[in-house]
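Chains as they are written, first to last, in this note's numbering: chain A, 1 to 483; chain B, 1 to 314; chain C, 1 to 155.
Please keep in mind that the hints were generated in silico from the structure rather than gathered at the bench.
Careful, some of the hints might be misleading.
To be verified - Pairs of lysine-lysine residues, derived as PhoX-like cross-links and limited to a Cα-Cα distance of at most 25 Å, are as follows:
id: 1; chain 1: A; residue 1: Lys280; chain 2: A; residue 2: Lys256
id: 2; chain 1: B; residue 1: Lys257; chain 2: C; residue 2: Lys51
id: 3; chain 1: C; residue 1: Lys51; chain 2: C; residue 2: Lys2
id: 4; chain 1: B; residue 1: Lys303; chain 2: C; residue 2: Lys2
id: 5; chain 1: A; residue 1: Lys334; chain 2: A; residue 2: Lys198
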Amino acid sequence: MEMTSRDFDVDILVIGGGVVGCAILRELARYDASIALLEQYPDVCEGTSKANSAIVHTGFDARPGTLEARLLAEARQLWPEVIARLHIPYLQTGALMVALNEQEQATIAREIVPTATANGVTLQPLSRAEILEAAPYVNEQIVGGVLVEGEGVIDPFWTTRAYCEHALLNGARLFLDERVNAVEVEPERLRVHTASGKTFSAALVVNAAGLWADELARLAGDHSFSLTPRKGEFLITEEDHGVAQIILPVPSQVSKGILVTPIVFGGVLLGPTAEDVSDKRDLATTTAGQQRIRQGVGRLVPAMATASTVRQFAGLRAVSSTGDYIIRPSTVSKRLLHVAGIRSTGLSASPAIGRYVGTLVGETLGLRLRTSYREGLPEPLSEAAHEDGEVICLCRSITRGEVLAALRSPLPPQTLDGLKRRTGAMLGECQGNLCLPRLIELFQQEQGRDPLSLEKHAPGSRLLVERPTRLGGVPARSGERPK
Amino acid sequence: MRKEQMSVHTLEDMPLMEDLHEGEVYDLAIVGAGLSALSLLHSGAAALGRTVVLDYQEQVGGLLRYLLPADGFEAEWELLRDFQLPAGVRLLLQTTAVGLLPASAAEPTHTLVVRRRQGTAQLRARQVVIACGGVECPREHDAIPGTRPAGVMTPVLALQLLARGYLPGRRALVYGDSRYALATARRLEEAGLEVITAAPTSGNGRSVRLCGTIQEICGFPRLSAVRLRSHDQQSVEVEADTLIYATGLLAGTHWLKGSGVSLTATGTIAVDAHYRTTIPGIYAIGAVIRPQLDHESSLRMGKEVAALLPGGVL
Amino acid sequence: MKLNGAVSVSAPREEVWQIFMDPAQLCRVVPGCEQAQRLDDTHYEAQLAVKIQFMTIRARAHGALLEAHEPDHLVAEMVGEPLAMAGAFRAHLVVDLVPIAGGTEVRYTIELSMLGRLASLGEAIIRATANRLASQFAANVAQLFSAQAQEPGQR
């Protein structure tokens, strides 16, 4: 890579390192073309992709005939191979939609089942007794429900990273911390400028900027769609009370409602709320939101109304002005392809979105498939990539070896949250307060990072300020004395 | 500035893996080398037979060692400063117990699964004293609403950063009125930070600048303010780039999952008046049975259990 | 975590019993067992490579035979440590061999404890893995005897 140059020439540029952008990058890497991805944050999977229910959804409730429904159906066929080839943690838990009264039961029969049938998903009707037998933790007040067998849970960070690593393995390039601030449309090329002063010239640009896709379009002079953020708050509990299936309420007109979802690595995810907000960076959790979650889940799984929480977070999903996925060329140039308005189904549909967009781009540019293409990723934590070491993260028993393996991976973390998602360190009871200094040291040792420059997540989230002139505290190491 | 150097037990003292003698059976294994464990050793554990002590950290003294010496912790500092490892006691630092398999038909002694730099090993002992303390309760545990910015931490992180020569921020709100929280506030002040102390009204007689409960954490990507609500329901926004959240300790019992050692509803180890857990031969002392930031009973418990252990001395 | 199961094989239980007494044979039916040695009459050691859904965990394990009432009942316990993780597992195994028409039913109960890092992989993943291993074990046992039935003399 031309490290000194500020100008980069590629065939295809993907903007946005979320699950959709990375899935597209992976498919584009099949072609004999130079491809690159720009992400505004210091890690992939930082926007909508990081804060969601982590469900691989069958799309049983999608509006039949939409592109979303079609791609969700295609994704169902693609997932098994993606999970196997990329070694992604996944559990097919199944989902139970439970009716709390006869009216909800009627909604299932009248609306849910026919929609699912139209989408090619078979729902299995269950009596109250059958549900309580399979899921004894469910509210005894239910009157019945349906099982959606194909629903499962996955690690969204792992998925996004695996897509990206697979693309990198096949020659794609990744530019983190690059926020686009201008797009010049020329007849044969698009020129994309970033806040750091780089310029990327590409024959085709894929706009996978998630929540910011409308703003990116506007930079190119395209005002054809707009996206509004909808906030969803979640909370995580480590007590699972036996929850082994996804428990869904019967949806209302406005929302799919608040769910109870097992987490692939243990614990239970409760949420989301659905609140339209104006600020695309508003990720604050609120007392009211957390209360709404408790009320919602309490109707499904009573024990979850009071289960103690270990973490809370909020995510923003993009609601489009069209009500369906927006996958089409821009109104200003055929060389700018929008992949926007992916709502909350981006993770579930990602393999099919990648395939669909990959094919579209390949045909548009008349690309040939690459002769050497690696079909999968090596297995994680294989012995070659691993070494022994003492425990660093006390709460989760994560060793130095595991942290080093992450820091030396093809897509190493640049931030502490990035390291957290790759290793599980800092996710335990103390949230990293005990081991963080050791992790800072390992960042310094492996990446030569000045600890003062190390960030938690977003640009500007530095942990430390300049060194003091006087020191307090006991020396960290034997023999060291305070200066 | 420092009057005396504390006694130092470091990695260099640590025997190599080969010296672990995996097959060997100890009379006593102590999990944790914090204040309660040191108090136990100081009170005559040498009389208890072949003893091994292990700790996750690089030095003895537990979480409090990052703060000491400090006002209000004179006895703790004295113990730590003057501590000498009794002859015959093996100290394994940077050695973490990740599991406990109590005695069974297959194995008549208790087995600790421990992790060290060289790998995972098993330590066998006839008696085990769990003195592994706890971890500080973070903001997430109490579900404090707001953003998730950099600059929110518990005292142990702030103190470790200071010890390594870094400042955690410039203007810190220290939330909590334990002796530990207030000593941390003083340490931050000495290091050059502007410090505001705050706590809900607790009536323990220690003075903080603001009385109120945390309502919201504000700012992104770095903390910009903390919103407090006073007892008269007034909302106050305190500007700060750092929040030191010092509300309590959580017993470090996650590694005992599946061991059969009974826990209480709050996650501490259940013990009787003689520090006996529900499994014969396994005892627990210190913060792991009574989690408090001030470790008020740790020294006493170490001393008492030393006398209670079979072979112990009064 | 407790797992129960049963598998029917077309062999007399004396023959099935021998499988459980022979580390090399046992290794052929235990999923992920790469190598096993007998240390003494009641102790074994083994190297395992257990495929959990998204990765392979390599472990060394020590087993002890706690009870052996030939030819119908045995109790064994195995403690293993993964090489690349800070943790351990313990499996307590009770096996009963019950004669049935045309062969033997192998009934087993396994109580599995996960410690350290293995526990933080989550119970759901461990349970899914354990269930898969149990059915593989059953299939391997059945296959071992059907292979023997077809190819007498080859063991």
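Hint-by-hint comparison with the structure:
Between A:Lys280 and A:Lys256 the CA atoms are separated by roughly 22 Å; this keeps the pair inside 25 Å, and the hint holds. For the hint linking B:Lys257 to C:Lys51, the alpha-carbon distance of about 23 Å falls within 25 Å, and the restraint holds. Between C:Lys51 and C:Lys2 the CA atoms are separated by roughly 19 Å; this keeps the pair inside 25 Å, and the hint holds. With a C-alpha separation of about 41 Å, the suggested pair B:Lys303 and C:Lys2 falls outside the 25 Å cut-off, and the hint is violated.
For a cut-off of 25 Å, the pair hint linking A:Lys334 to A:Lys198 stands: about 23 Å separates their Cα positions.
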